[in-house]
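S.K.: Sequence:
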Amino acid sequence: MQMPEPNQTIISQRDALAQGLRQIVGKDWVISDDAQRRPYQCDGITAYMAMPLLVVLPGSAQEVQAVLRFCNEKGVKIVPRGSGTSLSGGALPLEDGVLLVTSRLCNVLAVDEHNRVARVQPGVPNIKITEAVSHLGLCYMPDPSSQLISTIGGNVAENAGGVHCLKYGVTANHILGIQAVLMTGEMVELGGAYLGAAEGELDLMGVLTGSEGLLAVVTEIAVRLEPVPEVARVISMSFASVEEACECVGAIIGVGIIPAGLEFMDRKVLDAVSVLIKEKFDDRTAALLLCELDGTAVEVDALVGVVSDVARGQGAIELKVSTTEEERQRIWSSRKLAFSAIGKLCPDYYCTDGTIPRNKLPEVLNKMADMSKKYGLDYANCFHAGDGNLHPIIMYDAAKPGDLEKAEEFGADVLIACVDAGGVLSGEHGIGVEKRDLMTHQFTEVDLQQQQMVKCAFDPKDLLNPGKMFPTLCRCAEFGRMHVHNGNLRFADIPRF
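Numbered per the UniProt record's numbering, the sequence shown finishes at 497, counting up by one with no gaps.
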């Protein structure tokens, strides 16, 4: 994995740049000391590291504007960062770039109970939104596994998903308005704090959501709130084979039921979590599905019956259905602890997130088993089965020469298999640097040029998070060329910006 060559002239100006930034945010909120910058060397994918030129923590949207304006004038790159939980290297620093951290922008600004909307700053942890409105019987539905620490700004940047996004949709489906700052320091407001605020506009909110910090820095978000379901119950379904569990996923959706969540865990994950939850799983179990159903009590009771019948018909060897909220939380604990449990089995692991059609699950999982033999690395599977969002956990030892490279190649082969099966490179983790060099497998050269033209429209100097997402750096000057013949501009009536 290669990044753009650092600009040594910019690096030589570190002290002067730090002084200028301190005049904007205050002396305590610019980190230039080597030891203090070191914790910011990477995000959630620790295989890739770089020391940021400086770390800046603005305390307001106005300070974000001033920081971006200052860096734009100086030609200094900016990498936005929330809490650093990204699993694709999206917040990987640049040695010649300023790391702009939004953790001080951490307030729930307003809650509109009647319109079910909350206005929040980007540094608010995901779970804090639900905690702020739970007394009203409301919640924020997107729930990535990192929701205790991942920020809503980072969720917007990656278009994060989560367990309950099968039924309720990913982050983009819950954003009503965005306030963001362009690299020039110009502030833009899209949509608003009510449902339908963006109707009639170009879908620029859709462009910004999932743009991974390449287009603008988000400074405020209006999120849609949902009523807490009256009843939620989870069914734990054990299967003697991975294939049977995969077939059951499609069978449940096939009868017209969209569960709130439908998760898959293989035997390796179950063995790992059993130590933590002090519960032994049936020895015959090769894979387990967790299916959550919510709604009114009558509705949920009926759905539990239908899903149970489907599971038995698909060969389930054991069913457990929660009857209380405590039981529901206990059953879910195995899924929530999965990744930390795997961390106890190996020195290092690498998790990627390709997404495939549900009916391709058995095929791709079988290919994964072959890849494991090819690279001599063990792996485990724990993923969002309902929407085909795979999260293979590839185990390796970074201390062993060549192990990281093998893990990267294993992960790349998984992602290529996902695209070849009719899927996509990412479901929620984003492209970042991890999947950047695979973009040409999913997109044509023309596709990528069109995407880069959007990047250039927002950031013509390519100063916002460069080196991420696209296999080649943007050349905005080339995209801006136009042909004029005999002084006549073709299609002169079309507005140009």
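Since the hints were derived computationally from the structure, they do not count as laboratory data.
Hints may be right or wrong, so weigh each one.
[Claimed, not checked] The following label-pair restraints were derived from C-beta to C-beta distances:
1. Q329 x M51: 37 to 47 Å
2. P460 x K373: 47 to 57 Å
3. Q19 x E230: 54 to 64 Å
4. A240 x K373: 37 to 47 Å
5. N107 x S241: 42 to 52 Å
6. I277 x G376: 23 to 33 Å
7. A398 x L195: 41 to 51 Å
8. N107 x A457: 26 to 36 Å
Even for Gly, the Cβ is constructed at its ideal location relative to N, Cα and C.
S.K.: Hint compliance check: list the failing hint numbers for this structure, sorted ascending.
M.R.: Hint 4 is the one this structure does not satisfy, whereas the remaining hints hold.
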